Amino acid sequence: MEYDSSKLMREFAPQIEKTSKSWYLVFATLLAFFLFGIFGLYTQITKGHVVTGMRDNVVWGVYIVNFIFFMGMSYAGALISGILYLFKSSWRGPVIRMAELITIISLFIGPVFILFCIGRLDRLYYLILFPRIQSPITWDVIAISTDLIGCIIFLYLSFIEDFAKLRDYKELQLPKWRKRLYKYLALGYQETPWQYKIISHTKNIMAAMVIAIAIIVYSVLAWIFGVTLQPGWHSTIFGPYFVIAAVYSGTGMLIVVMWIFRKVYKLEEYITEKHFVNVGVLLLILAAFFGYFTFSDYLTKWYGSIKMDKVLIDKLFTSEYYYMFIASNYLGVLVPIIVVGIKKFRTITNITIAGLITVVSLWFNRYLIVVPTLETPYFPIQDVRSEWLSYSVTWVEMSLILAGISVFCMLFMLASKFVPIISISEMEKHTGETRGLMRD
Amino acid sequence: MIRMKKKKTNHILNIFKTVFIALMILLFVPEIFIHAQDGADSVSAKAEKISPNLKLLTTKNSDETRSLIAVFSYKDSETKQSFDIKDVTITFFVGTDSLINLGTATTDEKGKAICSIKSNFDFPKNEEGFIHFTAEFKGNDVLEDASGEVDVKDLSISLTLEEIDSVRTVSVKVEQILANNVRVPLNEVDMQIFVGRMFSHLPIGTISLAEGIGTLEFPVNLPGDTAGNVIVIAKFEEHEEFGTVLKSDTIAWGIKTMHFNAYSPRSLWTQVAPVWMIVTLSIMLLGVWGHYIYVIIQLILLKKGEKKIA
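In order, the protein sequence lines correspond to chains A and B. In terms of our numbering, the first sequence opens at residue 1 and continues consecutively. In terms of our numbering, the second sequence opens at residue 1 and continues consecutively.
One or more hints might be untrue.
Under the rule of at most 20 angstroms between Cα atoms (straight-line distance), these lysine to any residue pairs were calculated in the SDA-like manner [as the list claims (entries may be wrong)]:
hint : chain 1 : residue 1 : chain 2 : residue 2
1    : B       : K304      : A       : S200
2    : B       : K304      : A       : P193
3    : B       : K303      : A       : S200
4    : A       : K301      : A       : W223
Note that these hints are calculated values from the structure, not bench results. Since the structure is predicted, the reported quantities are computational estimates derived from the model, not experimental observations.
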């Protein structure tokens with residue numbers, strides 16, 4: 001199908017101009033969840049970390065799980081958008097912006113969860129004043145801030161052409177300040193060959209950079225666990241395992257986001273079954289890799305029979321973690337493979353369900369990496385209250401998880417009101433081409 | 001032909017569906033059965049209370065404090081297996097006619113509840129000098145009442161470590177403290193002397209007490225810590241009349257031991273990071289941030305070019 005700029009602008013202008021009542025209703029509901037989270041945070045700050053489930057033994061809980069989860073989605077978004085752009089995939093048009101938005105929004109939310117874990121927030125600036133580059137925590141701070149800046153630049157580069165189109169579209173009914181803002185952000189882009197060359201060149205550089213940084217940054221996060229002598233963590237496989245898990249969860253989230261925006265903004269013409277199948281195939285490949293890495297990790301630990309590793313694995317198979325383990329490592333791997341692998345099941349709804357199962361499974365996977373290990377230390381603390389040895393989530397932590405998810409959704413909603421949720425410039429460049437990875 | 005193919009596909013799908021359901025049943029049903037059995041156990045537990053055992057032990061520590069240790073367990077009549085009971089509250093008393101409440105403690109994973117009593121506590125004694133300790137559990141919905149008791153005599157141990165004529169000598173003086181603080185030397189009783197090791201106490205000899213006094217020559221070939229320190233312990237262990245009583249002291253009578261450290265010092269703890277790390281990180285950061293700056297310069301040029309185009 002041929003897409004020209006004016007047709008696309010006509011199609012997407014109402015998305016930016018008009019805001020429905022249901023949009024406000026959903027936004028208000030999410031805002032209520034966010035405010036509930038703020039109340040939880042206020043309770044935590046005034047009463048201390050005793051209101052969370054974290055204690056002397058399990059010093060990390062769902063906050064770290066959420067941090068890993070959101071950072072993972074961010075890196076996945078960066079990798080997917082970077083690869084799609086760099087390899088000039090013909091079907092990237094409707095997908096790439098959503099991947100970019102997942103990257104940047106997750107990257108804003110993820111690191112905030114780290115702050116919730118810190119007992120002495122007033123000493124946070126010590127990390128800047130007294131950095132020790134021997135510490136993986138410092139690597140993480142440097143890596144995340146570098147990644148954030150890189151992703152912002154990449155996102156902005158991909159927006160410039162659309163900002164110019166929004167600036168030049170005279171029929172767009174928006175307040176003057178919005179039009180002035182688009183004009184300012186478009187940097188005077190007129191699609192001259194010289195300007196096009198600059199944008200293409202810099203986008204190519206940044207696409208390559210975000211791919212490399214995403215791999216390095218998520219490996220650094222994995223090394224924080226890998227270099228720690230704890231059962232289940234001290235593993236050489238953790239770097240690549242985390243990268244695969246991150247891309248896997250992010251791909252699942254991309255499918256879910258595609259499904260939601262397709263329904264809400266009626267984008268059936270642009271986001272077709274072929275796009276779902278293509279991203280679904282990526283999900284299948286990643287599911288196989290993730291399953292392989294998971295199996296390798298647990299097999300070597302089980303066979304090695306180091307006492308506490310064995311205790312940890314027994315705990316995963318026999319305790320309250322059993323169902324979470326099954327959901328994470330069996331359903332989370334098998335469902336996407338079955339749904340996408342068997343042609344009969346390969347529908348938009350099924351692929352979306354598989355994507356959703358992937359997202360939930362990978363959250364469980366991170367929980368199983370963090371909490372059971374901390375409950376099974378090599379040297380347990382002696383003579384402490386038995387309830388300090390294990391972890392259970394409190395309402396304060398739940399409120400902040402809800403707030404995180406709400407902010408993720410709210411920022412997506414706000415972004416869709418600021419720029420077209422499908423990149424017009426990308427759609428224009430690849431009008432209906434069916435090559436490369438495009439399927440029949 | 002197409003219908004045949006469709007039929008075949010449906011047949012394959014049905015097989016797959018059956019295998020998938022069977023897999024799910026296999027995954028979840030064993031757990032359901034386990035939980036169902038748990039439920040059955042708890043119902044039967046409600047119908048018939050368990051009769052637990054409460055054993056009470058006492059230890060007089062080197063710093064003169066006393067620990068009362070209650071061990072709470074039950075024995076399964078069918079399997080004859082013994083299980084420790086955790087998270088139950090035990091109350092401790094001293095005395096015979098009028099009981100003095102010493103406090104409460106909760107049993108841990110091993111079924112142990114420990115009550116610590118200060119060194120200056122004045123325990124009531126009977127005419128023979130025995131102190132009567134009791135531990136009580138008041139019972140609950142699942143467990144019957146239980147109690148344990150122990151009678152011990154108070155004992156005073158003095159431990160002296162000195163070199164007499166170039167011989168390292170361990171000297172002990174042991175007295176019973178009876179009613180009204182009457183002290184009677186312990187006679188014709190054997191006392192074990194130990195040296196503390198990493199995981200247990202190593203016996204180095206026995207002293208036969210005569211008029212409450214005895215000596216032992218300390219061996220010259222025992223390894224100590226890096227300064228040669230060893231902990232010498234004089235102890236009665238679960239003695240039927242005194243319970244566990246011990247006295248210890250530290251002295252540099254061991255051979256100085258230099259432990260070989262199999263691990264290299266971790267770079268994380270050094271003041272300055274290793275050079276390779278600084279170089280690697282600098283190259284990476286310069287490379288990445290160099291590209292960022294280049295892209296930003298290009299964007300500035302783009303903005304400046306706006307005027308030219310206009």
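Hint-by-hint comparison with the structure:
1. Our distance criterion of 20 angstroms between C-alpha atoms is met by K304 of chain B and S200 of chain A, whose separation comes to about 18 angstroms.
2. Straight-line distance between C-alpha atoms of K304 of chain B and P193 of chain A comes to about 16 angstroms, which keeps the hinted pair within the 20 angstroms bound.
3. Taking the CA atoms of K303 of chain B and S200 of chain A, the gap is about 16 angstroms. The hint holds against a cut of 20 angstroms.
4. Distance hint between K301 of chain A and W223 of chain A is fulfilled; the C-alpha atoms sit about 17 angstroms from each other, no more than 20 angstroms.
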